[in-house]
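Asker: Sequence:
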Amino acid sequence: MVSVDVPWSPFDIDGRNYDWPALTAAADLLFVMAYDTQAGVLDTEDSVTEVMWDELGSASTFTYFNKQDNLPHQVWFDTPQSLLPHYQLARRLGLRGVGCWNLEMLYSTDPGADKPDARAAMWQAVEDGFFA
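Sequential numbering from -14 applies to the sequence shown in this note's numbering.
For the record, the hints were derived by calculation from the structure and aren't laboratory data.
Here are the simulated distance ranges between beta carbons:
1) ALA117 with PHE62: 17 to 27 Å
2) ASN55 with LEU80: 40 to 50 Å
3) ASN55 with VAL83: 30 to 40 Å
4) ARG77 with ALA7: 27 to 37 Å
For glycine and all other residues, C-beta sits at the position ideal for the given N, C-alpha and C.
Using the sequences and the accompanying hints, generate a full structural model.
Answerer: Here it is, written out as structure tokens:
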């Protein structure tokens, strides 16, 4: 199987354009990376450093204010707790699978990030979401 990953829009992303119909015809699967790494209107008054839970998206997030560029930055990241409901939804809807960048890119300030059990928990979420 050949899958092709494309950015969230076919038009002028980082100066590049993508012919989604042609790529779809040439590949078995077109994977749209639907996360938007460029957009987002962030309110600096709401900047926080603690991790927050986004209930609607089942995701962990935090916002911080960068003093170098004088801008707030929002970081979204996955944990076993955030991935499990996504896997369960994919299974319930009968989707062929899910896509991810790297399950072992653990948040570096996580005290368990260097421990094998933290990595195992990420993979256990796959097991629990699809096979439990």
